[in-house]
Amino acid sequence: MARMKFLCDADRCIECNACVTACKNENDVPWGINRRRVVTINDGKPGERSVSMACMHCTDAPCAAVCPVDCFYTTADAVVLHNKDLCIGCGYCFYACPFGAPQYPKVSNFGSRGKMDKCTYCSGGPEADLSPAEFQKYGSNRLAEGKLPLCAEMCSTKSLLAGDGEMIAQIYKERVVKRGYGSGAWGWQTAYRETIAI
Amino acid sequence: MSLGAHLRFLVTALLLAVAVGFAQPGEAQQVNPTADSVKEQQFLDALKANPSAELRGRVTIPDAKSATLERPAGREWRAFHQGTMTKVGAVAVLGTLIAVVAFYLFRGRIRLESGPSGQRLTRFNGFERFVHWLTAACFIVLALSGLNVTFGKSLLLPLVGPEAFTAVSTVAKWAHNYLAWPFMLGVALMFLVWIKDNIPGMVDIRWFLAGGGIVGKGHPAAKRFNGGQKALFWIVVVGGAALAVSGINLLFPAEAGGVLNLQFWNMLHGIVGVLMVATILGHIYIGTIGMEGAFDAMGSGEVDLNWAKAHHSLWVADEMRKGDVHGGKLQPAE
Amino acid sequence: MLIKRKSADVQRGRLQSALGGLASGVMDRRSFLRRSGLVAGGVAAASALQIGAVRKAEAAGYGPATGTKVVKNICTHCSVGCTVKAEVANGVWVGQEPAWESPINRGSHCAKGASVRELVHGDRRIKYPMKLVDGQWQRLSWDQAVSEIGDKMMEIRAKSGADSVYLLGSAKFSNEGSYLFRKFAAFWGTNNVDHQARICHSTTVAGVANVWGYGAMTNSYNDIRNSKTVLFMGSNAAEAHPVAMQHILTGKETQRANVIVFDPRLTRTAAHATDYVRFRSGTDIAVIWGLLWHIFQNGWEDKAFIAARVHGMDDVRKEVEKYDPKTVEDITGVPGEQMKRVAQTFATVKPATFIWCMGVTQHSVGTANVRAICTLLLATGNVGSTGTGANIFRGHCNVQGATDFGLDISNLPCYYGLVEGAWRHWARVWGVDYDYFVSRFDEVPAKGGRPARTRKQNMETSGHTSTRWFDAANLPAEQVDQKDNLKAMFVMGHGGNTIPRMPDAVKGLEKLDLLVVCDPHPTNFVSLGGRKNGTYLLPICTQFETSGSRTCSNRSVQWGEKVVEPIFESASDYAVIYKLSQKLGFAAPMFKNYQMVQGKIGLEPTAESILKEINRGGWSTGYTGQSPERLKLHMANQDKFDVVTLRGAKGSPVENDFYGLPWPCWGTPEYKHPGTHILYNTSLEAKNGGGTFRPRFGLTRERTLADGSKVNDTLLAEGGSYSLNSEIKDGYPEFTMGVLKKLGWDKDLTPAEAATIAWIGGNNIDAVSWTTDLSGGIQRVALEHGCVPYGNGKARANAWNLPDPVPVHREPIYSPRVDLVAKWPARPDERTLRIPNLHTSVQKAAVEKGIAKSFPIVLTSGRLVEYEGGGEETRSNKWLAELQQDMFVEINPADAAERGIRDGAFVWVTGPENNSKARVKALVTERVGKGAAFMPFHFGGFFQGVDQRGNYPKGADPIVLGESVNTVTTYGYDPVTAMHEGKVTLCQIAAA
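So the sequences go chain by chain: A, B and C.
Under the numbering used here, the residue at position 42 of the first sequence is numbered 42, and the numbers go up by one with no gaps.
Under the numbering used here, the residue at position 238 of the second sequence is numbered 238, and the numbers go up by one with no gaps.
Under the numbering used here, the residue at position 413 of the third sequence is numbered 413, and the numbers go up by one with no gaps.
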């Protein structure tokens, strides 16, 4: 069984934001909702590194654990999805998420949140695969089409890797061995409680 | 981790708002950005020293919170929410219920020993009763909707199914958000109306030393509010304020100043909330079935003179001295 | 009921559909890995793509499911040339898929490429023709708009001459559009036709062409994978050419290459360097000569290469002696040890390549900068082989093609120049009488002490540059070397905020009688305001709504297929140029060679038929082999090309071809020349993509020796340098009929070829050359004998026909180092291309006024990855605009602290001319050094603090507006191309 993961090779990431607009394009994500973003650490200093970040689809996902209405589920590909029909927009998943992934459309009363939105690993939601309802609520379902998330597929420098965890770890490992440096599999320790030993 | 430790850790996080900084390469002749790159290991090491450390960078979008790349501290909050919060909540609420039932079984209803006098004394006027019931009604809805967030998933969800549970929870969320405001108003008014009668004094210490009359026979002397009621007053005022401050922050997440703050306010809100629920459960018991004659005070606003003498002897004496007993406050029984 | 998806059945179904191929063997592990983003050097996983496509077609799901077709076009945002794969259903562009098969982008995009679908959904496009009437936008029909514009143009022509109408074209035209617009200018009768190359790489083209023959990138993005040392200077590829970084970073990893970045800013590119060198803006020549000083000092130069293939290196040696480490550190700020290390690396860890962009070109010494870099490459033998070269990353998606097709004041298509022979050549190709063109040009009266010009002389005189169009409108008529001042601007696809001195541009706009802006989006020309009447807006579709070829930076030509019909009332460039030509009365002769089809607003020529005409005339640049059929074959077989060598696979329909037939692609399409991946590469046969340096500066040059005697140095290659299997084992001049005869090779011409040559040559048949022979016979025969049609010459380290033949450091016009101005002054005042160029006067005045004291911060400008050019198009794209919502200035923390400026707060940036000022946000960062500041150049729509949103037609205003950096940038123009000095000026910054 594949265990889908994301890995951003920060030594390749140039903060071009292709992943961000690819996500917007593929999933028709509205202004103000950022399922994926690129963060630059030590911006402007010689060691700066940019990392593309979205939901990491954690092992034992904290969002799912704390959700008061239990709207999360993990697919057999280990993708963490949620059911927007059940979400009440309480914000607990945002408190728990180590990566700031959950996004909420602003709704009118106070600063209160609408139904949570986040990266689906381009694999839709609980509705029937590739149905209009699924697209409208969650965006595309590339996994059901035999494709990987568009952010990774379109990454300008092949920095952002998506796919089975072992496979992308292997790719990363080979790169680090070949080039002799690597700033780490950002977020893996936090998301998957493991890191890639070189 | 104990609640105290949680709070300490969160407060620290709040005060420090820690961002990890990395060492700068020296003024070498060669600037080698590849070799000098930031490594994730540096952050992971920093985490060991400070579990609430977060890794912040720069983003171009206006959403400032998205500049946090990693914040494993959510893990601590999750542990609190799934562990401490649930335990404290369960112990406080169930414990109080059990205690009350046990007390009832053991002690039974506290009767008015001297029997009704037939003369009635006005204890709370209409405004006071309005304030009380406004606050009380809001509190009950807030408490139930609040408890639903922590316990609904395990208690209600299996009973009604996910769709119905979401419907209930959505209504509960809105009710919680909206009723928070009249509740805060109620607490504020209570504070203003009753503060003058709730200044603690020596008499309250004696009252407590005497066990408040609940244990044993006879009632210690008390003014308009006895020691227990004063304690309740202050619990409601302080607890209510804590709920209000934390609640307002949670209602306006964008202005709360980051997730670590939100986590803190959430923990405070939850713990204070369940403790308040426990306290009020006790209050409700004493005010209704636990003590004969007590409900009248907030029900009709008038209490029997004998009841008043038994529970609030000093207050009755005061009222008598002022002559209010004959001036209208004291009514003959019909 | 809760759909928990814990049900194993449902899940297994999903996983199998995702990874089904793994089990069934349709998709093996390698192809899966490729799809997961990986494997260096791997080709596209076509099988995986097909799985996706098939499944999508079968699914009865949303939009793209039924009747979806896939159309390939090319990204319109930079010169890398990424293939865009569009899924179209019912005439609507519903999705973008990664084009794994493209050897250039291998599925990748940057933020812009990944969002191009929005361009044809954008509700902020110009929707119909409009004109400004008393400050209000009024809707017009196409017929009425073109009719009114044509009448006005004719009126201006009658009064002020053809040269009074400025034709500003675009690097976002297709090749066919560029060519057509240049042809339009010829029929209108002016050389005042220009495009964005003026402001991005005009100095590169002029500089490089004057060194070794052709003004283009010598190698390719892909070839950088072979480099062991990669030096960037004034290039921030990570933001300007992101997908290029895929090749560079892969090369860096697989070769463990040195990546050296010279830049005043620690850019996103520099963040991936192994050696970052900060230097002061505007001191490029001192840096390059500083490197060469160490190279000569230590004997690291490639002596054999210099002897065989370079002329004039000794002249450079003499100049370079002045640039000792101390002097260089004083000028540039770079310590000698650092320079020495870089010099040694570049000269000895080979192959090494030099990448530059606008950081080098946008200077008042731009052309000299470029030549200095070329000299460094020549001295170290790093030209003409794999992994080496001048990898000039060009800007817009077709700026190379638009340059090639002469959207330029000094050239007819394919660099034929403006001489009579050139005009006669194109007149022959077009089938129009040469005298007709002569009659179309103005006679220029004598004025300002300058002699009068006849029509023919004016026809052969370079036009006025786009960088100074407003000077041609504003200056006294006497100073402008044409019949009259500029009275009209006809702008197709060009922003109005892209050149310095915007306060002057505003004055210029107010002087114009007619302003026509043809663009998908209303540009800054419109928002600048001031005009109340006589402005027309014509909606043009993007290249995704029409077909045509475009040339990437590496000279590969790619065919883009129309994705959807033009949206709203927009029309293609071809249609609009045709319609206007009809109105102006020369459509019949101009379009007679084309296949005309019915378009939205009338007839329009097909791009294929225009390209075929180009093929019949583009001999000098080798644009003759790239027929539409061959280009389409390449697009259909992209997966057959090697990602490193760009060679088509054996046994495939594109066997042996280089991807996109990079020019020169000699001979006729039938000759099947594979194109030239690497220019001047002697290790290949000429007919297989090999080459030599082009001798275009004579055959010998006289040199005076120390004793006063004179010798003639040869300008042809020596020492056994020639392309593989050349029958002439020495240098040789360009091929003409006369040369063929001398060699006895004229017998190899076919009778048809000989007849064509005879027809062209008339009574001087020997003069017919490889560039004018329309049969291609001369080229074919030369190639068959292993020779390069243009000859085998030496590159020049001394370009004696240009200002500063050997480049010398000159302080920027606005220099912070007043003390250095005396020793390294700007060039004396002169006239550059029809108007005065006051280098010295302006520099002197700045020094005397103490500008460096009151404006102590060096200001430079550059790109952001999310936006492009003037930015109106990208700032109207909601997916991009969200990512950069504010114009900003980068300022060093020390400078910010001195001025009490907080990160994110508003500041005023003021410039030294016109009391100019711009209100922008401060971005406090160590990215810029102390005393330096940076502003991106994509913003517009605010002017000196005033919001100009109201000047746009309603609903066509970009989402994001901001101050243009060019409001505060200043005077300074290259003496060869009038490139503006956009990369260095002075400013002051204060909290707002």
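Source of the hints: derived by calculation from the structure; they are not laboratory data.
Each hint should be verified, as a subset may be incorrect.
To be verified - In silico lysine-lysine, DSS-like type, Cα no more than 27 Å apart, as pairs: (1) C:K303 - C:K318; (2) B:K48 - A:K173; (3) C:K672 - C:K729; (4) A:K137 - B:K65; (5) B:K39 - A:K106; (6) C:K456 - C:K152; (7) C:K632 - C:K612; (8) C:K917 - C:K853; (9) B:K65 - A:K45; (10) B:K153 - A:K106; (11) A:K173 - B:K39; (12) C:K340 - A:K45; (13) C:K72 - C:K853; (14) C:K350 - A:K178; (15) C:K152 - C:K131; (16) C:K844 - C:K930; (17) B:K48 - B:K65; (18) A:K137 - C:K85; (19) C:K447 - C:K350; (20) C:K612 - A:K45.
Results of checking the hints against the structure:
Of the pairs offered as hints, the one joining C:K303 and C:K318 holds, with about 16 Å between alpha carbons and a cut-off of 27 Å not exceeded. For the suggested pair B:K48 and A:K173, the alpha carbons sit about 25 Å apart, so the restraint of at most 27 Å is met. Our distance criterion of 27 Å between C-alpha atoms is met by C:K672 and C:K729, whose separation comes to about 25 Å. Between A:K137 and B:K65, the direct Cα distance comes to roughly 24 Å. Compliance with the 27 Å bound is thereby established for this hinted pair.
With a C-alpha separation of about 35 Å, the suggested pair B:K39 and A:K106 falls outside the 27 Å cut-off, and the hint is violated. Between C:K456 and C:K152 the CA atoms are separated by roughly 25 Å; this keeps the pair inside 27 Å, and the hint holds. A threshold of 27 Å between alpha carbons decides the hint, and for C:K632 with C:K612 the separation of about 13 Å falls inside it, so the pair holds. The suggested pairing of C:K917 with C:K853 holds, with an alpha-carbon distance near 17 Å, which does not exceed 27 Å.
A C-alpha spacing of about 21 Å is found between B:K65 and A:K45, which places the hinted pair at or below 27 Å, so the restraint holds. At most 27 Å may separate the alpha-carbon atoms for a hinted pair to count; B:K153 and A:K106 meet this at roughly 25 Å. Using a Cα cut-off of 27 Å, the hinted pair A:K173 and B:K39 holds, with the two alpha carbons roughly 15 Å apart. Between C:K340 and A:K45 the alpha-carbon distance is near 24 Å, which keeps this suggested pair within the 27 Å criterion.
Distance restraint check for C:K72 and C:K853: the Cα-Cα separation of roughly 55 Å exceeds the 27 Å cut-off, and the hinted pair is therefore not satisfied. Between C:K350 and A:K178 the alpha-carbon distance is near 20 Å, which keeps this suggested pair within the 27 Å criterion. Distance hint between C:K152 and C:K131 is fulfilled; the C-alpha atoms sit about 13 Å from each other, no more than 27 Å. For a cut-off of 27 Å, the pair hint linking C:K844 to C:K930 stands: about 25 Å separates their Cα positions.
The hinted pair formed by B:K48 and B:K65 meets the criterion: a straight-line CA distance of about 23 Å does not exceed 27 Å. A hinted pair counts as satisfied when its Cα atoms are at most 27 Å apart, and A:K137 with C:K85 qualifies at roughly 25 Å. Under the criterion of a C-alpha separation no larger than 27 Å, the hint pairing C:K447 with C:K350 is inconsistent with the structure, at around 55 Å. Restraint check for C:K612 and A:K45: the C-alpha separation of about 52 Å exceeds 27 Å, so the hint is violated.
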